[in-house]
Amino acid sequence: MAFIWDWWQLETIWNHLTIILMAFITMFTRSFFFIPDREIRWPSWASRGLQFAPIAAVSAVIVPEIIMTNGVLISTLKDARIYGALAGLAYFVIRRGKGQVVMGTMLFGMAVFLPLRLGLGW
Amino acid sequence: MFLRKAYRQHPAFRLGLRDMAGVAPGIAAWGLMTGVAMAKSGMGFSECLLMALIVFAGSAQLAAMPLFAAEAPMWVILATSFCVNLRFLVFSAHLRQYMMMLPRAERMLSGFLTADLSYVQFIRRFPQGPESDRDLLMEQQAYLAANGGLNWATWVLSNLFGVLFASWIPQHWGLGFAGMLGLMGVGLSLLSGQQHLGHLIRLIAAIAAGAVAVLAVSLPLKLNIVAAIMAAVALCLLIEPRLSHPSNQHSQLRGH
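Top to bottom, those sequences are chains A and B. Take the first sequence: its letter number 23 is residue 23 in this note's numbering, and every next letter is one higher. Take the second sequence: its letter number 104 is residue 104 in this note's numbering, and every next letter is one higher.
A hint or two may mislead.
[Claimed, not checked] Partial pick of chain B residues on the chain A-facing surface, computed with a CB cut under 10 Å:
no., residue
1, Gly26
2, Ala37
3, Ser41
4, Met51
5, Ala64
6, Leu78
7, Ala115
8, Leu191
9, Ala211
10, Ala234
11, Glu240
12, Leu243
Read the hints as simulated data drawn from the structure, not as lab findings. Given the structure is predicted, the values throughout are model-derived calculations rather than measurements. All residues carry an ideal CB built from backbone N, CA and C; glycine is no exception.
Assemble the whole structure, with the sequences as input and the hints as a guide.
Structure, rendered in structure tokens:
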């Protein structure tokens with residue numbers, strides 16, 4: 001039974017503990033301002049400004065993912081992501097944002113992206 | 001949460017499921033590729049499984065895997081996770097007005113399940129908090145429970161699938177791009193939807209945040225995302241009074 005507590009096992013348990021704490025960080029950060037029961041008085045500019053946070057966050061996440069590779073702007077037009085994103089945008093505009101348009105944007109974009117990526121290696 | 005029968009029977013529960021179902025394939029593709037990346041990063045198998053099961057934070061998982069592979073100290077991994085998750089502090093500040101009528105444990109469970117897309121879709125459906133309206137609180141919580149619950153289930157299952165079948169799925173296919181396209185569709189819905197914010201100011205927020213995220217991309221720990229949110233919000237606060245003045249005067253004129 002000596003193998004149970006050898007260094008490798010200890011390291012694995014340590015890693016598991018780290019991952020459990022990561023899950024707590026997910027909960028802690030997502031519910032950060034829900035935790036205190038007492039009233040929080042926000043300055044009025046803060047509550048006005050928060051209304052811009054959703055669109056800003058979405059844009060901040062996707063724009064670098066679409067137009068950058070490894071932290072550098074795309075320098076070639078032979079990149080499947082450009083055409084996938086444009087196709088998704090075109091679908092959204094044609095459908096005027098009605099119905100299950102998010103799914104359509106994604107499927108239409110992937111229908112353009114995958115042939116270019118797999119067929120042409122863009 | 002979704003454990004409550006009253007939430008599951010509320011009509012808003014189905015609405016929450018339907019909204020999330022529209023982006024679920026993108027989340028699944030993104031979760032699948034994150035699972036594949038974890039399995040190929042040099043992390044141990046049991047670590048991959050545990051992370052896929054309980055962490056539920058894609059960008060934090062992506063940031064942590066090279067650190068596990070490099071045997072970085074625990075505090076470095078946890079500090080990295082915290083910084084990558086900093087945007088959720090902003091979201092929780094926004095969502096607080098919707099949550100405070102619930103007991104703390106339920107608030108924290110709801111918070112855990114409310115990732116980026118649930119936050120965005122929820123705010124789009126419900127631009128105003130429930131104040132003291134119990135029915136509206138019920139409707140909002142039913143929506144959020146369904147939406148966040150489906151997001152969680154989609155993520156965990158696809159992530160586990162990616163870990164288990166990593167050798168079947170080449171990373172160069174770029175399936176994770178589907179997640180970005182889904183997020184783009186959500187962003188476009190936010191831009192075009194009828195809200196009490198003007199279209200122009202929302203477009204300015206999107207452009208400013210995208211530009212700052214690109215310019216600040218060399219910041220470590222995905223802090224460019226946080227910098228972009230802060231910069232876009234600050235810019236919009238500065239220019240909003242000028243943009244809204246003419247329309248205010250216009251409505252006053254119409255009123256007379």
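Outcome of the hint check:
no. : hint   : in the structure
1   : Gly26  : holds, 5 Å
2   : Ala37  : violated, 14 Å
3   : Ser41  : violated, 13 Å
4   : Met51  : holds, 5 Å
5   : Ala64  : holds, 7 Å
6   : Leu78  : holds, 6 Å
7   : Ala115 : holds, 7 Å
8   : Leu191 : holds, 7 Å
9   : Ala211 : holds, 8 Å
10  : Ala234 : holds, 7 Å
11  : Glu240 : holds, 7 Å
12  : Leu243 : violated, 12 Å
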